[in-house]
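**Q** For the protein sequence lines, the chains are A and B, in the order given.
The first sequence lines up with residues 1 to 327 when you count with the numbering used here.
The second sequence lines up with residues 1 to 290 when you count with the numbering used here.
By construction, these hints were calculated from the structure, which means they are not laboratory data.
There's no promise every hint is true.
[Said to hold, decoys possible] Some chain B residues flagged as far from chain A (calculated, every beta-carbon gap over 12 angstroms):
#: 1; residue: PHE40
#: 2; residue: THR60
#: 3; residue: THR64
#: 4; residue: VAL73
#: 5; residue: MET79
#: 6; residue: LEU86
#: 7; residue: TYR98
#: 8; residue: THR102
#: 9; residue: MET109
#: 10; residue: PRO121
#: 11; residue: ARG173
#: 12; residue: PRO263
#: 13; residue: ALA266
[To be verified] List time: in silico SDA-like cross-link candidates among lysine to any residue, alpha-carbon distance up to 20 angstroms:
#: 14; chain 1: A; residue 1: LYS127; chain 2: B; residue 2: ASP94
#: 15; chain 1: A; residue 1: LYS127; chain 2: B; residue 2: ILE269
#: 16; chain 1: A; residue 1: LYS193; chain 2: A; residue 2: SER182
#: 17; chain 1: A; residue 1: LYS154; chain 2: A; residue 2: ALA14
#: 18; chain 1: A; residue 1: LYS127; chain 2: B; residue 2: ALA266
#: 19; chain 1: A; residue 1: LYS127; chain 2: B; residue 2: TYR261
#: 20; chain 1: A; residue 1: LYS127; chain 2: A; residue 2: LEU26
#: 21; chain 1: A; residue 1: LYS193; chain 2: A; residue 2: GLY181
#: 22; chain 1: A; residue 1: LYS154; chain 2: A; residue 2: LEU301
#: 23; chain 1: A; residue 1: LYS193; chain 2: B; residue 2: ASP94
#: 24; chain 1: A; residue 1: LYS193; chain 2: B; residue 2: SER87
#: 25; chain 1: A; residue 1: LYS154; chain 2: A; residue 2: LEU281
#: 26; chain 1: A; residue 1: LYS127; chain 2: B; residue 2: TYR260
#: 27; chain 1: A; residue 1: LYS154; chain 2: A; residue 2: ALA137
#: 28; chain 1: A; residue 1: LYS154; chain 2: A; residue 2: VAL286
#: 29; chain 1: A; residue 1: LYS154; chain 2: A; residue 2: PHE229
#: 30; chain 1: A; residue 1: LYS154; chain 2: A; residue 2: LEU171
#: 31; chain 1: A; residue 1: LYS193; chain 2: A; residue 2: PRO95
#: 32; chain 1: A; residue 1: LYS154; chain 2: B; residue 2: LEU265
#: 33; chain 1: A; residue 1: LYS154; chain 2: B; residue 2: LEU15
#: 34; chain 1: A; residue 1: LYS154; chain 2: A; residue 2: LEU19
#: 35; chain 1: A; residue 1: LYS154; chain 2: A; residue 2: VAL11
#: 36; chain 1: A; residue 1: LYS154; chain 2: A; residue 2: ARG141
#: 37; chain 1: A; residue 1: LYS154; chain 2: A; residue 2: MET25
#: 38; chain 1: A; residue 1: LYS154; chain 2: A; residue 2: VAL20
#: 39; chain 1: A; residue 1: LYS127; chain 2: B; residue 2: ALA259
#: 40; chain 1: A; residue 1: LYS193; chain 2: B; residue 2: PRO263
In this text the structure is predicted, and so the values were computed from the model without any measurement.
Glycine is no exception: its CB is placed at the ideal position from the N, C-alpha and C atoms.
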Amino acid sequence: MRFAYGLAIAVVGACLVPLVSPNYMLTIIIEALIWGIFAMSLDLLVGYTRLYSFGHVAAYGLGAYSSALLLLHFHMPLPFAIILAVVISSLIATPIAWVCTRTHGVSFAMLTLAFAQLGYAMLYRFKEFTGGSNGLAGIPRPAGPFGIELFQHKVGYFYLVVFCLFGSYLLCRSLVNSPFGSVLAGIRENEAKTRALGYNTRAYKRAIVIASYGFGSLAGALYAPFAGFASPELFFWLISGKVLIMVIVGGAGTLIGPIIGGIFFIFLENQLAEITDLWPLIFGSVFIAFVMLAPQGIWGLVTSTLNRRRAPAGAGPDPEDVSGASA
Amino acid sequence: MNFAGFLLTQCLNALSQASILFFIASGLTLIFGIMRIVNFAHGALFMLGAYAGYTAVTVTGSFTLALVFAPLVTGLVGMAFERAFLSRLYVRGDGGAYLMVTFGLAVIMGEAIRLIWGPQPQGVPTPDMLRGVVFLLNQPFPYYRFFLIAIGAAAAIGLWQFLERTRAGLLIRAVSQNAEMVHALGTNVEYVRTGVFGLGCAMAAIGGVLAAPLVTAYLGMGSNVIIDAFVIVIIGGMGSFLGSIIGSLLVAFVQVFGAYYFPNLALAIMYLLMLLILVVRPGGLLGKEE
């Protein structure tokens with residue numbers, strides 16, 4: 001029940017944003033929400049399966065370039081192009097997932113990085129197709145389906161992004177709460193044991209990598225038509241690090257945390273970049289501080305404080321305090 | 001065109017390239033072998049080495065002093081970082097935490113270097129003694145690159161002998177095999193770890209100083225080189241010293257000849273090579289699968 005109330009408040013609140021926000025702010029808000037989707041998609045791997053992907057930018061770039069090419073060449077209605085871009089990206093992610101899940105831990109991180117770099121190199125290899133270092137400019141946002149022109153305006157696009165954010169959040173949430181999600185948790189805690197229980201852990205890992213890339217590509221597919229261009233910047237490996245930071249600082253393994261982390265960071269970046277050029281210095285220090293001192297992230301801190309307050313006094317120790325670590 | 005001369009100079013070019021790559025990759029693989037840490041900041045430390053070398057050359061005018069000063073500074077920075085942050089994470093036993101903390105360090109160092117030395121590239125002149133070219137089969141070849149090959153080979157042999165023959169090298173190899181046992185035998189494993197981390201960082205800094213006359217010291221040289229170094233270490237097998245030599249050679253030859261014969265595919269070939277090796281041997285050429 002609490003969840004339903006929270007969700008309803010969030011939806012209503014989000015829908016009211018365009019009424020109160022100045023137009024220029026809306027651009028940043030849309031970008032922040034897209035990054036929220038992107039960070040959440042990585043959380044499926046990092047937080048729920050403990051597979052550290054250092055090449056998640058590949059998902060973003062694949063989605064962005066697919067939707068850009070579809071819109072440029074076929075001029076199809078925007079929602080169709082986005083859906084199709086996600087499908088194409090997930091198909092491309094399938095062999096990637098097959099190779100990467102042969103390994104785990106550090107090797108997995110490096111393999112995903114290698115695939116992302118391969119994608120980056122391919123952009124330059126197929127210049128006539130991808131525009132090389134110039135990228136693709138002038139991506140249209142065609143009307144439709146049924147002549148709907150809503151998404152051609154910024155406010156309409158905002159609602160589209162909000163819809164995608166809540167939709168993919170609910171999908172991811174039911175995914176991690178399903179029996180499938182329990183097996184993922186088993187892999188996270190002890191892969192050998194889970195395999196011994198009779199689960200084909202590699203197949204589960206493959207599936208979650210593809211799903212994570214799918215949701216990540218949704219973020220990219222939303223970004224390219226919004227910005228109107230796609231450039232190799234969208235495939236640059238530092239983005240993978242940035243989104244990982246958002247997941248960790250927001251709170252890995254909570255879905256909501258990474259969304260908040262993504263939104264928070266894009267806002268901060270936009271606000272701070274104007275007043276100080278020390279931004280990366282602060283950004284890096286905050287990140288190290290979180291990894292060292294609060295690995296559960298912002299949302300983890302919030303929920304544990306709330307739970308502690310909710311628990312009636314004398315009802316026994318908090319389950320998280322059993323270790324005696326936080327006496 | 002003189003094909004034999006071309007081939008010879010290209011091979012020598014690749015060898016000199018491999019030498020610089022080796023300085024970065026060997027440190028990376030050494031640190032991984034002992035501590036199971038993938039040091040994302042290794043590229044940034046390489047860059048710090050190049051900038052520190054630039055300062056040493058402009059102040060003292062001596063390239064040799066730069067080759068001493070830069071690794072010293074960078075090694076100390078690395079050791080301080082290891083003591084302050086990484087050593088507190090050992091108990092957690094989570095490889096991801098190392099990756100993230102060192103990534104944070106890479107971001108901070110990149111920015112700190114920009115604040116200290118400014119955004120414009122800083123050229124380091126080739127030392128006077130090594131200026132000029134020699135003609136090999138009518139093809140010009142710079143002396144400096146011969147120097148790179150020589151110093152790379154010397155470092156590879158020196159480091160190998162250090163690991164194989166000295167007591168400190170013995171300790172390092174022992175810690176990489178079973179740290180708990182070494183600890184139980186009365187050695188302070190913490191010191192070994194800090195020392196190895198500093199040594200790895202110092203190696204990267206030497207690579208940075210050596211690369212500076214060729215490419216100047218510029219922001220972003222760290223992020224360019226760290227990817228190459230990762231590829232090398234993965235190809236050779238993480239933690240394998242010999243693997244880092246083989247990987248450096250392979251990557252350098254692929255880069256030099258790939259850039260000539262397949263200019264469009266040069267970047268991709270390196271990653272394809274790596275993927276191929278990983279599919280056949282998930283642990284790299286000489287590595288053990290975890």
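**Q** Next, verify each hint and record whether it holds.
**A** These are the hints, each one checked on the structure:
1. PHE40: Answer for PHE40(B): violated, closest chain A Cβ roughly 8 angstroms.
2. THR60: Non-interface label stands for THR60(B): nearest chain A Cβ at 29 angstroms, farther than 12 angstroms.
3. THR64: holds (33 angstroms)
4. VAL73: Answer for VAL73(B): holds, closest chain A Cβ roughly 19 angstroms.
5. MET79: Fine: 17 angstroms to the nearest Cβ keeps MET79(B) off the interface.
6. LEU86: Non-interface label fails for LEU86(B): nearest chain A Cβ at 10 angstroms, not farther than 12 angstroms.
7. TYR98: violated (9 angstroms)
8. THR102: Per Cβ check, THR102(B) is inside 12 angstroms of chain A; nearest 9 angstroms; violated.
9. MET109: Violated, since 8 angstroms does not exceed 12 angstroms.
10. PRO121: holds (19 angstroms)
11. ARG173: Consistent with the label, ARG173(B) stays out of reach of chain A, its closest Cβ about 20 angstroms off (over 12 angstroms).
12. PRO263: violated (10 angstroms)
13. ALA266: violated (8 angstroms)
14. LYS127(A) x ASP94(B): violated (41 angstroms)
15. LYS127(A) x ILE269(B): holds (17 angstroms)
16. LYS193(A) x SER182(A): Given that 20 angstroms is the threshold and the Cα spacing comes to 13 angstroms, the pair holds.
17. LYS154(A) x ALA14(A): Cα-Cα ~15 angstroms, so holds.
18. LYS127(A) x ALA266(B): With Cα atoms ~14 angstroms apart, LYS127(A) and ALA266(B) stay inside 20 angstroms; holds.
19. LYS127(A) x TYR261(B): holds (18 angstroms)
20. LYS127(A) x LEU26(A): violated (33 angstroms)
21. LYS193(A) x GLY181(A): Holds: LYS193(A) and GLY181(A) sit about 16 angstroms apart, inside 20 angstroms.
22. LYS154(A) x LEU301(A): Violated, at about 35 angstroms.
23. LYS193(A) x ASP94(B): holds (18 angstroms)
24. LYS193(A) x SER87(B): Judged against 20 angstroms, a Cα distance of about 29 angstroms means the pair is violated.
25. LYS154(A) x LEU281(A): violated (33 angstroms)
26. LYS127(A) x TYR260(B): Holds: LYS127(A) and TYR260(B) sit about 18 angstroms apart, inside 20 angstroms.
27. LYS154(A) x ALA137(A): Measuring from Cα to Cα gives roughly 18 angstroms; hence the hint holds.
28. LYS154(A) x VAL286(A): With a Cα-Cα distance of about 33 angstroms, the restraint between LYS154(A) and VAL286(A) is violated, given a limit of 20 angstroms.
29. LYS154(A) x PHE229(A): Given that 20 angstroms is the threshold and the Cα spacing comes to 16 angstroms, the pair holds.
30. LYS154(A) x LEU171(A): Status violated; Cα separation ~25 angstroms.
31. LYS193(A) x PRO95(A): violated (26 angstroms)
32. LYS154(A) x LEU265(B): Roughly 40 angstroms between the alpha carbons, so the hint for LYS154(A) and LEU265(B) is violated.
33. LYS154(A) x LEU15(B): violated (55 angstroms)
34. LYS154(A) x LEU19(A): Satisfied, since the Cα-Cα distance of roughly 12 angstroms is no more than 20 angstroms.
35. LYS154(A) x VAL11(A): Since the Cα atoms of LYS154(A) and VAL11(A) sit roughly 18 angstroms apart, the hinted pair holds (cutoff 20 angstroms).
36. LYS154(A) x ARG141(A): Given that 20 angstroms is the threshold and the Cα spacing comes to 11 angstroms, the pair holds.
37. LYS154(A) x MET25(A): holds (11 angstroms)
38. LYS154(A) x VAL20(A): holds (14 angstroms)
39. LYS127(A) x ALA259(B): Given that 20 angstroms is the threshold and the Cα spacing comes to 17 angstroms, the pair holds.
40. LYS193(A) x PRO263(B): Violated, at about 48 angstroms.
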